[in-house]
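J.: So the chains spell out like this:
Protein chains: 2
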Amino acid sequence: MLEMLRETVGVASTPRPPVALGAVELLPARLAEDAKVSLEAIVSRDGLRDDHSERVGHAAGKGYVDLVRLRAGTPEGAPDAIVLPAGHEQVRAVLEVCARHELAVVPFGGGTSVVGGVEPLSDGHAGVIALDMRRIGEMVELDRESKIATVGAGMRGPELERRLAAEGLTLGHWPQSYEYVTLGGCAASRSAGQASSGYGSIAKMVLGLRMAAPAGDIALDAVPASAAGPGLRELIVGSEGTLGVIDEVSLRVREAPAERVYEGVMFESFAAGIDALRAMAQEHALPDVARLSDAAETRMSMVLAGDGGLKGRLGRAYLGARGYGEGQAERCIAILGFEGNAKEVKARRGRALELARHNGGLALGGSPGRAWLKGRFQAPYLRDELLTHGVMVETLETATRWCNVPGLHDAVAGAIARALEAQGTPGIVMCHVSHLYETGASLYYTFIARQRAGAEIEQWRAVKRAASEAIVSGGGTITHHHAVGRDHAPWLEREIGVEGVAAIRALKAELDPAGIMNPGKLVRIGASSRPENPPRGAGRPEVSDLPG
Amino acid sequence: MLEMLRETVGVASTPRPPVALGAVELLPARLAEDAKVSLEAIVSRDGLRDDHSERVGHAAGKGYVDLVRLRAGTPEGAPDAIVLPAGHEQVRAVLEVCARHELAVVPFGGGTSVVGGVEPLSDGHAGVIALDMRRIGEMVELDRESKIATVGAGMRGPELERRLAAEGLTLGHWPQSYEYVTLGGCAASRSAGQASSGYGSIAKMVLGLRMAAPAGDIALDAVPASAAGPGLRELIVGSEGTLGVIDEVSLRVREAPAERVYEGVMFESFAAGIDALRAMAQEHALPDVARLSDAAETRMSMVLAGDGGLKGRLGRAYLGARGYGEGQAERCIAILGFEGNAKEVKARRGRALELARHNGGLALGGSPGRAWLKGRFQAPYLRDELLTHGVMVETLETATRWCNVPGLHDAVAGAIARALEAQGTPGIVMCHVSHLYETGASLYYTFIARQRAGAEIEQWRAVKRAASEAIVSGGGTITHHHAVGRDHAPWLEREIGVEGVAAIRALKAELDPAGIMNPGKLVRIGASSRPENPPRGAGRPEVSDLPG
Chain A
23 MLEMLRETVG
33 VASTPRPPVA
43 LGAVELLPAR
53 LAEDAKVSLE
63 AIVSRDGLRD
73 DHSERVGHAA
83 GKGYVDLVRL
93 RAGTPEGAPD
103 AIVLPAGHEQ
113 VRAVLEVCAR
123 HELAVVPFGG
133 GTSVVGGVEP
143 LSDGHAGVIA
153 LDMRRIGEMV
163 ELDRESKIAT
173 VGAGMRGPEL
183 ERRLAAEGLT
193 LGHWPQSYEY
203 VTLGGCAASR
213 SAGQASSGYG
223 SIAKMVLGLR
233 MAAPAGDIAL
243 DAVPASAAGP
253 GLRELIVGSE
263 GTLGVIDEVS
273 LRVREAPAER
283 VYEGVMFESF
293 AAGIDALRAM
303 AQEHALPDVA
313 RLSDAAETRM
323 SMVLAGDGGL
333 KGRLGRAYLG
343 ARGYGEGQAE
353 RCIAILGFEG
363 NAKEVKARRG
373 RALELARHNG
383 GLALGGSPGR
393 AWLKGRFQAP
403 YLRDELLTHG
413 VMVETLETAT
423 RWCNVPGLHD
433 AVAGAIARAL
443 EAQGTPGIVM
453 CHVSHLYETG
463 ASLYYTFIAR
473 QRAGAEIEQW
483 RAVKRAASEA
493 IVSGGGTITH
503 HHAVGRDHAP
513 WLEREIGVEG
523 VAAIRALKAE
533 LDPAGIMNPG
543 KLVRIGASSR
553 PENPPRGAGR
563 PEVSDLPG
Chain B
23 MLEMLRETVG
33 VASTPRPPVA
43 LGAVELLPAR
53 LAEDAKVSLE
63 AIVSRDGLRD
73 DHSERVGHAA
83 GKGYVDLVRL
93 RAGTPEGAPD
103 AIVLPAGHEQ
113 VRAVLEVCAR
123 HELAVVPFGG
133 GTSVVGGVEP
143 LSDGHAGVIA
153 LDMRRIGEMV
163 ELDRESKIAT
173 VGAGMRGPEL
183 ERRLAAEGLT
193 LGHWPQSYEY
203 VTLGGCAASR
213 SAGQASSGYG
223 SIAKMVLGLR
233 MAAPAGDIAL
243 DAVPASAAGP
253 GLRELIVGSE
263 GTLGVIDEVS
273 LRVREAPAER
283 VYEGVMFESF
293 AAGIDALRAM
303 AQEHALPDVA
313 RLSDAAETRM
323 SMVLAGDGGL
333 KGRLGRAYLG
343 ARGYGEGQAE
353 RCIAILGFEG
363 NAKEVKARRG
373 RALELARHNG
383 GLALGGSPGR
393 AWLKGRFQAP
403 YLRDELLTHG
413 VMVETLETAT
423 RWCNVPGLHD
433 AVAGAIARAL
443 EAQGTPGIVM
453 CHVSHLYETG
463 ASLYYTFIAR
473 QRAGAEIEQW
483 RAVKRAASEA
493 IVSGGGTITH
503 HHAVGRDHAP
513 WLEREIGVEG
523 VAAIRALKAE
533 LDPAGIMNPG
543 KLVRIGASSR
553 PENPPRGAGR
563 PEVSDLPG
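Protein chains in written order, with our numbering: chain A, 23 to 570; chain B, 23 to 570.
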């Protein structure tokens, strides 16, 4: 791959490895002694960490800017302490101490936010605490009959799946960050997994939850549905730690599938593939995983995965003979995955493949599906490796109604490409359609370019702005499943309006009157949530629209 | 039926017909002249009505207490005027005038609330306006490709289905009040239709909406899904007119089903039927309509519908021969309805009936299904007729997780029965399970008793309180699809907690700072949303927990 990139976007002449973690520069922790004593009284001495290693580990998420800064050894900031509550009452008590001492609180689950969701920002606070949820990760209740699992919010994805698998169950939530995520983090950031077309996003899975807010708890029992007023569950899902800390979630689980079939289909064009996916979504024949690469991503995946996993039995010759060979520059590969009991999968898959064929799709068999499954969580590791070679890899995503999918695809891809060119670093822009709904789908972009050495963040910011503008002016949502965090906050008002933002601020003022919860995320700063306390410029990065 | 009731619960010795509408007593309208002039300037003279007939027509919803009072000619109150805005800008302008003149605004769609959702209550206001949405009922856009219909919120259910049918589409939302409901009213009250197991509730259908709040609009474009912060759509859905007026909704629609199969299945017991429905819900074999009557409702429906529609070919003899005859007092009938394309229905129905048989279900063929379809919107008319004979009929509903369905069923049925006995009017208490989810289902109760003449409302209130207490202390939601309104407001805090109610109040304070929107609904009064303006006791019913 590096070879290919050397020829296309260009790579650094000499590798740029990350600095050792120990060499990362941090300002001294500035937690006041009385605050520290109060916190240790709650979580014990072992529950409060302020060593260099923990502070670096909680200094940032996994966004592009996070990686660039951490690899250079110069994060924007770091929490003054990491606090590890061991239960709900400890969370409550910690929030009370933090409100009293004007400490900002950043709820920290897996730390995998790619939108600046866990940055230790201050908005004039006396310090910043990372509230690490790793000690609140127990299975609270498994209701097999109702298929509801209630877990501590700090439980990680793989741990939950391991516990469920022992009972023949699954949650079915596999974001790319699956290996690290906590269930509370997924709920707070409204994430969607790779199989969301079948299993739904986390918002569909969360039936109940408990959020500890500074003003008090909101605890909502797991009921299958309710008409008891505005949807408070949906309000807390996606609140990104700005209203309080989700410390328990009740999740819908399912029988583990007896059958899993993953396979590839090649279409003559992106448009033909979209038509096929839309028909599947609207005719009760939706695969659990469905992703259609555009022509650019298809080209890349054919390179990366050895003809998309087709090197063997079904190789170039087969594709060429059927008219879907390399010369067909518009060809687009789709991965379809079906999970369930054998009979149900057979019926659904039969209908889906029929709709694929009806739209000119060529079935490629199981090898592309297996190749995709094998690499499904690998992209972030590859991204890190490429940074060593001076290559920027970034992803962003949106969703829109079906009739707007082709137009928005082109508009955003064009905006990214033009912005990269304007930076003097023309790149590769790729996209896939995934996360299908009856009414529309997500568009997920990956772009690759040579880094502008010494101006990496300026380069990133220019492209991010261009893509975000194209999304909001093109009828897409600013984010389908990455959340808002810090990076998308400047565009939230374009999506939900002045009054929508005002509504969120009003909620925050009620639930977090001291304004300590995850400052600088979700809603744009400027009209600060703590206007009566102007930033005191105490040598700590203040909140801003985009990382600088 | 009357004969049967005469022998069981008892009926009035002489019929008690309702008074003529013209004889209904109303206090004089007291809209200030300057307010009237301002409102007429917006909606024209024809758009403001204060004649007796319109005032009576907007004096109440369709709850039991509403009917009792209206039939007696003594409603609790009536709006001072009915205002008919013809578009979004008129709605905005009307809200502004009402805020200035301290007029309460009751958004009025179909007027079919059974929980006091449209009562013209005042909380110290200078008057009450019913904002009738009937003139905002146009199709704004029909996006066939994305399957999204955008309509004015005042469009009625049958009108939308008629427009969609012409395009081969359907919404699939059929609450019992279908003939009258507006789509905005459905969204505001978070309703669920009879086919919600397949089509989902209105909350699943609303992709976008516009709400005119006194403070400003919240307009959310129709996107299939988003992770852009807290779910504001879900917050407005279910807001019951207390935050603003929903005046446009974008709804997911579907291809009209080519095949519709409705049929009956008899189970040996309620427990066996529940097991079968749960299996269908958890194994991707859910009918679009699924309702399982308990033994009491089964007995009643066999009387009412001529053996549940089985009088002919499959009659008593058949049931008796198979061991499901009248002597089997625990038998329970289920109605299952499947809609879709022929192939898909065949597969899903095949699996569902297999699961029914596996749980001892006896297939009864299509006649019970046809009987149910024929009478599906009739119950409210029957209720009205029975009131003439001094018989109370009331319904209420909840939802809970599967493992709690049998226990909650018994607890609530028992509470209703005991409360009726305590009133000296022992009754018939019936229930069905419907609105199925993977994790649970709704329980829908109907109870019938002799009215306590002269103390009808006191009698109702005692039973309502007993049932609601049993629901909230038994792990159910206070309402699955009737909404909160005035009647359930006293129990909302038990469900969402002090902070949940505070969050809703904070939203209201932001969006409706003058506190004019639908006072006395959703959140309990007591801690009034306008504490600085104590009720002025101006000869108008003030808000209260339950109708008195």
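Each hint should be verified, as a subset may be incorrect.
Now the stretches of chain A that chain B is said to cover, found in silico as 3 or more residues with beta-carbon under 8 Å [what the hints assert, rightly or not]: (1) 117 to 126; (2) 216 to 230; (3) 502 to 512.
Far from chain A, by Cβ distances over 10 Å, these chain B residues were calculated [as the list claims (entries may be wrong)]: (4) 118; (5) 294; (6) 532.
Since the hints were made in silico from the structure, they are not lab data. Even glycine gets a Cβ: it sits at the ideal position worked out from N, Cα and C.
J.: Give a verdict on every hint.
T.: Evaluated hints:
1. Remark: the segment 117 to 126 of chain A is not confirmed as covered by chain B, as 0 of its residues place a Cβ nearer than 8 Å to a Cβ of that chain, below the required three.
2. For a cut-off of 8 Å, the count of residues in the segment 216 to 230 of chain A with a CB near a CB of chain B stands at 3, and the three-residue condition holds.
3. As drawn, the segment 502 to 512 of chain A meets chain B at 6 residues by the rule of a beta-carbon pair under 8 Å; at three or more, the given contact holds.
4. Consistency note on residue 118/B: stated as away from chain A, and its beta-carbon is indeed over 10 Å from all of that chain's, at 15 Å minimum.
5. The claim that residue 294/B is not at the interface with chain A holds, since no C-beta of that chain comes within 10 Å of its own (minimum 15 Å).
6. With a minimum CB-CB distance of about 4 Å to chain A, residue 532/B fails to clear the 10 Å threshold, and the non-interface call is violated.
Consistency note: the structure conflicts with the earlier hints numbered 1 and 6.
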